[in-house]
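Enquirer: Protein chains in written order, with the numbering used here: chain A, 337 to 738; chain B, 337 to 738.
It should be emphasised that the hints constitute simulated quantities derived from the structure, not laboratory data.
Wrong hints could be hidden among the right ones.
[Said to hold, decoys possible] Computed Cβ-Cβ distance ranges for the label pairs, DEER-style:
| id | chain 1 | residue 1 | chain 2 | residue 2 | range |
| --- | --- | --- | --- | --- | --- |
| 1 | B | Pro427 | A | Lys446 | 27 to 37 Å |
| 2 | B | Gly472 | A | Ser566 | 26 to 36 Å |
| 3 | A | Ala480 | B | Lys515 | 23 to 33 Å |
| 4 | A | Glu544 | B | Pro427 | 25 to 35 Å |
| 5 | A | Pro356 | B | Asp526 | 37 to 47 Å |
[Unchecked claim] Counterexamples of contact, computed for chain A against chain B with all Cβ distances above 12 Å:
| id | residue |
| --- | --- |
| 6 | Ala358 |
| 7 | Ala380 |
| 8 | Leu400 |
| 9 | Leu414 |
| 10 | Leu467 |
| 11 | Glu468 |
| 12 | Thr478 |
| 13 | His501 |
| 14 | Leu504 |
| 15 | Asp526 |
| 16 | Leu528 |
| 17 | Glu611 |
| 18 | Gly613 |
| 19 | Ile643 |
| 20 | Ser670 |
| 21 | Leu738 |
Think of the CB as a built atom: it goes at the ideal place given N, C-alpha and C, for glycine as much as any other residue.
Number of protein chains: 2
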Amino acid sequence: MLSVDEQMHIIKSGVSQIVPEAELRKKLERKEPLNVKLGVDPTAPDLHLGHAVPLRKMRQLQDLGHHVTLIIGNGTALIGDPSGRNSTRPPLTSAQIAENAQTYIEQAFKVLDESKTDLVYNADWLLKMNLEDLLGLTSNFTVARILERDDFSNRYKNQQSISLHEFLYPTLQAYDSVKIKADIEMGGNDQLFNLLAGRDLMSAMDMEPQVCITMPLLEGTDGVRKMSKSYKNYVALTDEPSDMFGKIMSIPDDMIVRYARLASSMSVEEADKIEAGLKDDSLHPNKVKRALARNIVAIYHDEQAAIDAEANFDALFKEHQIPDDVEEFAFDLSGDEVYLAKIISDAKMASSIGEARRLIDGGGVRIDGEAVEKGVYNVEREAIENKVLQVGKRKYKRIVAL
Amino acid sequence: MLSVDEQMHIIKSGVSQIVPEAELRKKLERKEPLNVKLGVDPTAPDLHLGHAVPLRKMRQLQDLGHHVTLIIGNGTALIGDPSGRNSTRPPLTSAQIAENAQTYIEQAFKVLDESKTDLVYNADWLLKMNLEDLLGLTSNFTVARILERDDFSNRYKNQQSISLHEFLYPTLQAYDSVKIKADIEMGGNDQLFNLLAGRDLMSAMDMEPQVCITMPLLEGTDGVRKMSKSYKNYVALTDEPSDMFGKIMSIPDDMIVRYARLASSMSVEEADKIEAGLKDDSLHPNKVKRALARNIVAIYHDEQAAIDAEANFDALFKEHQIPDDVEEFAFDLSGDEVYLAKIISDAKMASSIGEARRLIDGGGVRIDGEAVEKGVYNVEREAIENKVLQVGKRKYKRIVAL
Chain A
337 MLSVDEQMHI IKSGVSQIVP EAELRKKLER KEPLNVKLGV DPTAPDLHLG HAVPLRKMRQ
397 LQDLGHHVTL IIGNGTALIG DPSGRNSTRP PLTSAQIAEN AQTYIEQAFK VLDESKTDLV
457 YNADWLLKMN LEDLLGLTSN FTVARILERD DFSNRYKNQQ SISLHEFLYP TLQAYDSVKI
517 KADIEMGGND QLFNLLAGRD LMSAMDMEPQ VCITMPLLEG TDGVRKMSKS YKNYVALTDE
577 PSDMFGKIMS IPDDMIVRYA RLASSMSVEE ADKIEAGLKD DSLHPNKVKR ALARNIVAIY
637 HDEQAAIDAE ANFDALFKEH QIPDDVEEFA FDLSGDEVYL AKIISDAKMA SSIGEARRLI
697 DGGGVRIDGE AVEKGVYNVE REAIENKVLQ VGKRKYKRIV AL
Chain B
337 MLSVDEQMHI IKSGVSQIVP EAELRKKLER KEPLNVKLGV DPTAPDLHLG HAVPLRKMRQ
397 LQDLGHHVTL IIGNGTALIG DPSGRNSTRP PLTSAQIAEN AQTYIEQAFK VLDESKTDLV
457 YNADWLLKMN LEDLLGLTSN FTVARILERD DFSNRYKNQQ SISLHEFLYP TLQAYDSVKI
517 KADIEMGGND QLFNLLAGRD LMSAMDMEPQ VCITMPLLEG TDGVRKMSKS YKNYVALTDE
577 PSDMFGKIMS IPDDMIVRYA RLASSMSVEE ADKIEAGLKD DSLHPNKVKR ALARNIVAIY
637 HDEQAAIDAE ANFDALFKEH QIPDDVEEFA FDLSGDEVYL AKIISDAKMA SSIGEARRLI
697 DGGGVRIDGE AVEKGVYNVE REAIENKVLQ VGKRKYKRIV AL
């Protein structure tokens with residue numbers, strides 16, 4: 337095992353908070369593998385790079401010799417984590433939960449080292465609790481403490497209803513920490529309250545409390561808002577290699593280091609070098625971005641797919657002289673067909689729909705380098721989504737769904 | 337069965353609130369026995385006349401042909417009803433709960449008609465609930481609604497901690513109403529919130545909601561503060577006949593009608609007559625009080641005990657020319673012996689302890705009519721508690737423990 341200082345340098349890379357850092361050092365000083373908890377509620381089937389951020393950090397911990405317990409929250413999913421929400425989650429059926437869990441596990445093991453991971457399901461202990469167990473558990477928490485949570489206190493202040501069963505969520509997921517005897521619990525920034533509840537409960541039950549490590553929310557490909565399906569700025573873990581590569585190439589340069597630290601399998605040493613190199617201009621952003629895109633594609637597919645994706649990217653972009661870092665333009669792509677002329681007009685690539693139609697008819701409009709035929713003002717969704725729309729010689733937009 | 341109007345006249349006698357009255361009339365119009373719920377948490381072993389107020393009302397309902405379901409809250413007792421409390425109740429062991437429940441039942445059946453009562457234990461269904469059941473149940477309530485409860489909102493405002501398990505109390509006791517399909521739930525004034533929670537839950541579960549009937553808190557023998565062990569102004573249901581008779585005789589005259597309505601087995605018609613008779617002076621308070629005292633002793637002992645208690649009372653009071661309605665004086669009776677001279681002085685029956693000792697030595701001090709011997713300034717607790725202390729010819733106090 338590396339020294340405590342070396343481990344701390346790696347662990348701290350990219351994290352938001354370690355609460356408390358001194359306790360983490362103490363645990364590391366024991367020179368024994370720590371048990372790192374990640375609890376996941378399989379409420380959504382598809383994961384994106386943002387979801388994978390804590391998984392990446394856990395993989396680093398595994399590479400340092402530690403152990404991961406991945407808790408599939410098929411028990412807590414009966415409530416649905418209210419973190420950061422302003423309304424009660426609709427309940428999932430157990431079939432949905434099981435299906436989502438399966439997808440999640442497959443995707444998680446693209447990042448985690450399976451040989452150093454225990455996969456457990458919290459329904460196994462939570463659904464066996466009876467009223468007496470639950471009263472004992474909840475008696476360790478006060479109403480005021482739970483109501484302090486940002487999302488709950490906001491909802492309470494704004495008179496948005498909080499269903500009483502949501503109040504039980506933090507206590508149940510805290511109990512998971514007791515059950516697996518966690519040394520560390522990992523989570524997103526918005527999970528800090530839940531993580532601290534686990535810490536409090538372990539103390540109340542005379543156990544050595546877990547250390548909480550939170551990871552920041554990763555920005556989406558726009559580099560501005562958090563990565564989210566609803567903002568259409570996400571890279572799904574199941575994206576095809578070419579899509580994934582193209583999306584990473586489209587992130588702003590100032591996101592390169594962040595993605596390297598939070599979303600890639602690059603070592604902390606590499607990330608440190610990239611950060612320094614970009615700062616003193618000894619490294620070119622485009623080159624680094626290509627390495628980053630290859631790295632990420634290789635995690636979720638494989639090395640060959642990464643090489644092929646880059647080749648495809650070059651064939652398409654270089655051949656058609658499309659710049660590497662085309663801006664995205666979001667448009668409503670629902671409905672039977674998409675009105676291409678309106679996209680061109682709305683994206684300010686033409687002054688009006690009329691002009692857009694004339695440009696199409698004149699052969700000046702291309703999709704991924706291929707000219708659109710005369711009179712084709714409407715196209716299928718597949719023909720345009722995630723493709724580069726080119727008008728004239730210098731106007732390019734990557735069209736994404738709104 | 338009596339007509340709806342006749343029943344309503346009897347039911348309304350002495351009650352605080354019927355929520356809502358129109359629904360109660362509708363239920364009565366069906367001319368079928370209604371199911372009246374009383375939930376009791378066996379948290380205290382000894383009952384007094386104040387506790388018996390809802391029981392008396394239920395007995396009236398039984399006499400009208402209705403049915404009672406008495407729920408022993410051996411499940412909810414694991415929490416302890418937080419109603420009206422400003423701190424979390426200390427948990428009871430199941431042995432304590434079982435013992436208290438036994439005492440409660442024995443005492444309750446001195447009032448209730450056993451042939452028209454179902455005795456059930458809510459541990460039978462509550463302790464069988466698992467997490468999923470509990471989440472389903474609690475999802476019918478909002479945090480804001482529970483926090484509206486006076487005691488909870490006061491504790492929250494005053495930063496007195498509310499343990500999360502206390503928050504579950506109203507939902508669990510509400511579930512009891514669903515389980516037994518209550519038509520009416522009976523409770524003290526301080527129980528209205530809990531009773532309404534039962535009503536809400538039944539509506540949420542598409543059942544005909546129960547009507548809530550609350551009873552006022554009975555004043556103690558001082559006629560001022562609510563009857564309570566802590567105020568030493570209570571008549572225990574297990575008090576000896578003579579003590580019980582004496583205590584009732586000591587209540588202020590303006591409490592006679594209230595005790596008749598809330599604590600006796602007198603019919604509503606009788607209580608109405610007493611109220612009218614005392615108003616127009618056609619009845620003498622002392623005579624009515626005697627009838628009331630006999631009635632109450634007969635409920636908790638028997639007719640003969642009531643007659644004997646009155647005879648004892650007369651023997652003692654008439655013989656020693658002690659007035660019937662001696663005021664109480666409360667004094668700290670703890671410790672090995674009680675300093676009688678100090679009681680006399682503190683009760684303003686002498687101007688100083690020195691004078692009190694001189695009065696004792698002169699033979700001018702009596703306890704229940706018997707002169708205290710010269711030089712006896714200290715007495716055993718038993719020799720003075722609940723006894724009438726007389727100084728000179730006209731000063732009397734009944735001494736009770738502080």
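Enquirer: All hints, please: hold or fail.
Expert: Each hint tested on the structure:
1. Checking the proposed 27 to 37 Å range against Pro427(B) and Lys446(A) shows it is violated: the Cβ atoms sit about 48 Å from each other.
2. The hinted range of 26 to 36 Å is satisfied by Gly472(B) and Ser566(A), whose Cβ atoms lie roughly 29 Å apart.
3. One distance hint, 23 to 33 Å for the beta-carbon pair Ala480(A) and Lys515(B), holds here, with the actual separation near 31 Å.
4. Distance hint check: the CB atoms of Glu544(A) and Pro427(B) are about 26 Å apart, consistent with the given range 25 to 35 Å.
5. Separated by about 44 Å at the C-beta atoms, Pro356(A) and Asp526(B) satisfy the suggested range of 37 to 47 Å.
6. For Ala358(A), the requirement that its beta carbon stay farther than 12 Å from each beta carbon of chain B is met, with the minimum near 28 Å.
7. Once the 12 Å rule is applied to beta carbons, Ala380(A) is consistent with being away from chain B; the minimum gap is 20 Å.
8. Residue-level check passed: Leu400(A) sits 36 Å from the nearest beta carbon of chain B, beyond 12 Å.
9. Distance check on Leu414(A): its Cβ comes as close as 6 Å (rounded) to a Cβ of chain B, failing to clear the 12 Å threshold; non-interface status is violated.
10. The beta carbon of Leu467(A) sits about 5 Å from the closest Cβ of chain B, which is not more than 12 Å, so the claim that it is off the interface is violated.
11. At the 12 Å boundary, the C-beta of Glu468(A) falls inside the reach of chain B, the nearest C-beta of that chain being 6 Å off.
12. Look at Thr478(A): its CB is around 5 Å from the nearest CB on chain B, not clear of 12 Å, so calling it non-interface is violated.
13. For His501(A), the shortest C-beta to C-beta distance to chain B comes to about 4 Å, within the 12 Å cut-off, and the non-interface label is violated.
14. With a closest Cβ-Cβ approach of about 7 Å to chain B, Leu504(A) is found to fall inside the 12 Å limit, against its non-interface label.
15. In this structure Asp526(A) is separated from chain B by more than 12 Å, as the shortest Cβ-Cβ distance comes to about 20 Å.
16. The non-interface label for Leu528(A) is consistent with chain B: the shortest C-beta to C-beta separation is roughly 19 Å, beyond 12 Å.
17. With 12 Å as the threshold on Cβ separation, the claim that Glu611(A) sits away from chain B holds: the shortest Cβ distance comes to roughly 45 Å.
18. Every CB of chain B is more than 12 Å from the CB of Gly613(A) (nearest about 52 Å), matching its label as outside the interface.
19. Listed as a non-interface residue, Ile643(A) keeps its Cβ farther than 12 Å from every Cβ of chain B; the least gap is roughly 50 Å.
20. Taking the minimum C-beta to C-beta distance to chain B, about 33 Å, the non-interface status of Ser670(A) holds against the 12 Å cut.
21. Chain B leaves Leu738(A) outside its interface by the beta-carbon criterion, the shortest separation being 34 Å against a cut-off of 12 Å.
Going down the numbered hints, you'll see the structure goes against 1, 9, 10, 11, 12, 13, 14, while the others check out.
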